[in-house]
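Here is how the chains run, residue by residue.
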Amino acid sequence: MTDGPLIRVENLKKYFPFKESLFSRKVKYLKAVDGVSFSIKKGETLALVGETGSGKTTTGRTIMRLYEPTGGKIYFEGKKITKLPKKKFQKIRMQMQMIYQDPYSSLNPRMSILNIIAEPLRQLKVENIEDRVLELLESVGLSKEHMYKYPDEISGGQQQRVAIARALAVNPKFLVLDEPTSALDVSVQAQILNLLENLQKDKNFTYLFISHDLSVVRYISHRVAIMYLGKVMEIGTVEQIFENPQHPYTRILLESVPIPDPKDRRRKKLVLPGEIPSPLNPPSGCPFHTRCPFAKDMCSEKEPDYVEVENGHLVKCHFVEVMK
Amino acid sequence: MNVLLSIEDLHLNFRTFWGTAYVLDGVNLKIYEDEVFGLVGETGCGKSVTSMSILRLLPSNAELSGKIIFEGQNLLELPEKELRKIRGKKISIVFQDPMSSLNPLFKIKTQMGDIIKLHHNIDKDEALKKAEKLLRAVNLPDPHRVLESYPHQLSGGMRQRIMIAMALSFEPSLLIADEPTTALDVTIQKQILDLILELKKKYHFSVLLITHDLGVVAETCDRVGVMYAGNIVEVADANKLFENPLHPYTQGLLSAIPDPRYKKPLKPLRGNVPSLLEPPPGCRFHPRCDFAMKICSKKKPKLVEYSENHTVACHIYRRGNEK
Numbered sequence: 004m005t006d007g008p009l010i011r012v013e014n015l016k017k018y019f020p021f022k023e024s025l026f027s028r029k030v031k032y033l034k035a036v037d038g039v040s041f042s043i044k045k046g047e048t049l050a051l052v053g054e055t056g057s058g059k060t061t062t063g064r065t066i067m068r069l070y071e072p073t074g075g076k077i078y079f080e081g082k083k084i085t086k087l088p089k090k091k092f093q094k095i096r097m098q099m100q101m102i103y104q105d106p107y108s109s110l111n112p113r114m115s116i117l118n119i120i121a122e123p124l125r126q127l128k129v130e131n132i133e134d135r136v137l138e139l140l141e142s143v144g145l146s147k148e149h150m151y152k153y154p155d156e157i158s159g160g161q162q163q164r165v166a167i168a169r170a171l172a173v174n175p176k177f178l179v180l181d182e183p184t185s186a187l188d189v190s191v192q193a194q195i196l197n198l199l200e201n202l203q204k205d206k207n208f209t210y211l212f213i214s215h216d217l218s219v220v221r222y223i224s225h226r227v228a229i230m231y232l233g234k235v236m237e238i239g240t241v242e243q244i245f246e247n248p249q250h251p252y253t254r255i256l257l258e259s260v261p262i263p264d265p266k267d268r269r270r271k272k273l274v275l276p277g278e279i280p281s282p283l284n285p286p287s288g289c290p291f292h293t294r295c296p297f298a299k300d301m302c303s304e305k306e307p308d309y310v311e312v313e314n315g316h317l318v319k320c321h322f323v324e325v326m327k
Numbered sequence: 401m402n403v404l405l406s407i408e409d410l411h412l413n414f415r416t417f418w419g420t421a422y423v424l425d426g427v428n429l430k431i432y433e434d435e436v437f438g439l440v441g442e443t444g445c446g447k448s449v450t451s452m453s454i455l456r457l458l459p460s461n462a463e464l465s466g467k468i469i470f471e472g473q474n475l476l477e478l479p480e481k482e483l484r485k486i487r488g489k490k491i492s493i494v495f496q497d498p499m500s501s502l503n504p505l506f507k508i509k510t511q512m513g514d515i516i517k518l519h520h521n522i523d524k525d526e527a528l529k530k531a532e533k534l535l536r537a538v539n540l541p542d543p544h545r546v547l548e549s550y551p552h553q554l555s556g557g558m559r560q561r562i563m564i565a566m567a568l569s570f571e572p573s574l575l576i577a578d579e580p581t582t583a584l585d586v587t588i589q590k591q592i593l594d595l596i597l598e599l600k601k602k603y604h605f606s607v608l609l610i611t612h613d614l615g616v617v618a619e620t621c622d623r624v625g626v627m628y629a630g631n632i633v634e635v636a637d638a639n640k641l642f643e644n645p646l647h648p649y650t651q652g653l654l655s656a657i658p659d660p661r662y663k664k665p666l667k668p669l670r671g672n673v674p675s676l677l678e679p680p681p682g683c684r685f686h687p688r689c690d691f692a693m694k695i696c697s698k699k700k701p702k703l704v705e706y707s708e709n710h711t712v713a714c715h716i717y718r719r720g721n722e723k
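The listed protein sequences correspond, in order, to chains A and B. Residue numbering for the first sequence follows our numbering, starting at 4 and increasing by one per position. Residue numbering for the second sequence follows our numbering, starting at 401 and increasing by one per position.
Bound-form chain B, shown alone (with noise of 0.2 Å):
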């Protein structure tokens, strides 16, 4: 399988009144070609912010470093001009909430056509009957009616499938979703899910899918990355992952969460989330962590492979392997 796109190292800092937030601390992460990769963990770990980052959506006070290589060229290192090439063309993005992408104030055929227009050249007759292509592609009945309607007209799986229908515009090869449910109910959530991964099988692009939720990490994805204050601290395949959950942390989570199938007890992770003003040295789980070991104070953990499609980084998994 061919690397689609490499995250290498990438820092990120916030400049806030407070003092500096070290958000992003060394994230390393490689999306292949027609995969989806889920990449789970719980408010404020950064999981938002590493999407953000691919396509440079920061505010001004963010401080970004290391490497993003996508096609050959480190995007971090790519002129804005360049850089429009790809956002929203070659990589796009559904947000979680599809009422607040939308502008309440213009028809659906004017937001989507103008956007198919500009980036398409090509005049609005033309434009508007690829929208209603579109729309027809992600299984929206009557896509006139749809057209004709402003967005809240429409109800939330409907403005979901326009969002993801605009994001297919362009034949991405990377489609960045960032809790594309978690403001639906199951029932539509499972369709959009569904229609994400009929769309994927149909197009071949890729998938990075942000949520919080490891049921749809586990129904929908390939490969999983957990996520904690910063830091990547597990990557596997989807099975391996839930099967054989090496860190403490992914444990904890995988504990903590109800199953719908049994009543199970719920074991919750002691402690809170650290500030990221002053994140712990070390491990940044450390201080909630179980199995904390002097090292995990002093030194911080790197990725290693501990077996196939398997990589964690935690001290207790050091014997040997490393690299």
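In isolation and in its complexed conformation, chain A is listed as follows (with noise of 0.2 Å):
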């Protein structure tokens, strides 16, 4: 195996086709994901940032083929899966497994956990099913008492740990994360980031970390592309991020993150004005200026390139200034 990167997306589309009313017969485009590129080493956990309706969850969705891309191209060990035939595809999908947001929806309620953890290993032909069930229950916490329970009869935070195990059934190098952890209470979603991160150490796991909660994505992730309106707009360490933010969505996003210490409320604070603008009739030019405190002429009429501040540090605005 090459150095390369686990997982590589190129200018990736995903655009949803509307109509205005009913019966027109213009269809027009809702442009979810537009231009999307990164890649994410093995090992590495990629946080996707943004607030609802950003298309954080959609390139989520488009990356693992339960939307077919518009454009762009997808590589997953430098292979590229974009345009693989369905059966071709389905043994490198199950290499790639996602976690949603809310576990208890995501587990048949009819199933005992015994046989929602099993029912992928039935379709792999696994001998002694129950061990391999048991030895996947161990590894995220839970235990033999658990096996013949169903997903009513336990917390939030062990059915979440349930969806993890019938994902690492499979073995997957990659791992998709929507929201894993906004359903549950702080005291469960520790338990859960803890979680996540020992697996990931364990077995060096890709994770694609999609949240809208900065202090989660400070303590899990690696590296932080923040969305906006489809784009990415800056994409970088999570140091780099956090401590050098260069966009001035990224710098009043992260003044709005509310800080666990009431010493820090006298620094002043940049408020966002207004609301994130429909993606159905996105601005000209650059997506943020309508809200953007720095906005110049040119944002509305240009959309700006991505500049590299820093190794690896992309900004896309008019006004960044390359420190050098």
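Keep in mind the hints are simulated off the structure, nothing from the lab. Note that the Cβ used here is the ideal one computed from N, Cα and C, for glycine as well. Mixed in with the good hints there might be a few duds.
Stated by the list, open to error - Straight-line C-alpha distance at most 27 Å; calculated DSS-like pairs for lysine-lysine:
#	chain 1	residue 1	chain 2	residue 2
1	A	45	B	663
2	B	667	A	204
3	B	663	A	266
Stated by the list, open to error - Have a look at the derived ranges for each label pair, beta carbon to beta carbon:
#	chain 1	residue 1	chain 2	residue 2	range
4	A	92	B	693	53 to 61 Å
5	B	597	A	90	53 to 61 Å
6	B	716	A	306	54 to 62 Å
7	A	284	B	499	16 to 24 Å
8	A	174	B	500	36 to 44 Å
9	B	550	A	201	30 to 38 Å
10	A	40	B	419	54 to 62 Å
11	A	25	B	680	57 to 65 Å
12	A	115	B	550	26 to 34 Å
13	A	115	B	500	30 to 38 Å
14	A	23	B	497	27 to 35 Å
15	B	402	A	23	56 to 64 Å
16	A	40	B	500	33 to 41 Å
17	A	308	B	662	30 to 38 Å
What the hints assert, rightly or not - Covered stretches of chain A (chain B as the covering partner; in silico rule of three or more C-beta atoms under 8 Å from a C-beta of chain B):
#	region
18	194-202
19	215-221
20	275-287
21	305-319
With the hints as a guide, bring both chains together as one complex.
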């Protein structure tokens, strides 16, 4: 195996068609993901951050090909998977698993935990299924007593552990985690975050971590991509993004995060005016110009290109001064 | 400072199919005039139910005992007719999900106008004028268009502003905000919290802010109460609580939350929240507590004053100053 990235996404696009009214002939497109590029190394966590409607979940699902991409390329271990026929893709698809936000609705309420986790194993014709299920349960911090229970008999945190165990059953390399702790209480959230981190250390998993919670992102990720209206506005290492944010949107987003320390209150904070525009009718030029406190005329006319401010730290803004 | 609302030894049980759930186990709480009091805790700790008890908005299987004193009257003994003069007028509430608080079938002007008309005894035109003024007060641009809209045509942040405008239409002395920003994005959350603080400064009401987010508490509250399984375990000035948390549960919560400023190791609390059908005897936290002693499973600790404006319910701090 080469040292190349495990996952590479190039100019990924996902447009959803819609009609302005029931009878209109003209089909317009909602550009949920519009030219997203990034790569994730083996054993690395990339966080996709953004507000509601920024396209972060759609990006995750398009990479899994749950949605067929409208344009762009996806590479897994250097192999292009975007145009791969279904049968061939299935083998690769198994190495990519997804964990969802609401653990309860992602588990079949009529199946016992044993059957939930055994289902993929039976497909793979694994022998000694019960032993393997127990092994998986133990790897996520559950025990034999949970094996014969049903999803509604265990707590939300335990449900999420079961969902993780099921994803691990097929020995994946890459996991898309779509807000895996948003539905959980803070003390349980800490358990799940620690579990995910330990699993990564043990098995060298690669994560795409989708979240709107910047405190969690700071904790779990190595690199961060900030999304706004289907585009990545800034991408860099977690230190680059949190300690040296360059894009006005990133800066305002970080300042909006409540900090669990009352002494921090005195700091003067930027407040973002208005709300995220409708992706049905996105602004021209830089998508952020309608809310940006530093916007100039040119921002509404021309979409900015990426500027590399530091090694691997890309910013999509006209007015980033290159620090050299 | 004067006490605005005082909750004394509030017990609440729900009779359910599976038995009685002991939801509130002797809650004591004081809210002063012109302050923001934060009530924090995890799912099922009883924070929302406490606020519902204040307004007596509980289902019929609820058994409530204790006292809730507001302006010299015990709200729990007040006849329904008298309570109506307080509910929504002197004490208003803003809920978490602004979509389900608004009727999707009616325009904002109908919903706001009706309420204002009813309570203020004025005609429709005047009511609409007042509604417009209120929408301006919550910084909604173009109030005219907002009044002509249906709830689904507005964003979550705008709907929450409307709920706040409606809550403020009678100049309440207490605004209960039950997770007002949980359904919103962080940038919008910041706007709404700033708005509540700005309005509070202008109209001098008190706020009871119910939340699970310790960051939100740190940013907005003057005093904080921490709840666990139907008990208030610690009450303190916000600064003191974050600087010197006393109760093992508060300490556990604070070390379980990630900090956006830097990466620190997370220490999750062990175990799970107990079932309220069979709560643990003594201190309800003792099965999960690292410092549990023999007495903890036998006797329920009382809230005692540890230092000025800092009370805690834990046997560790019993020495000397128990009242």
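(message) Could you work out which of the previously given hints the structure breaks and list their numbers from low to high?
(response) Hints 9, 12 and 21 are the ones this structure does not satisfy, whereas the remaining hints hold.
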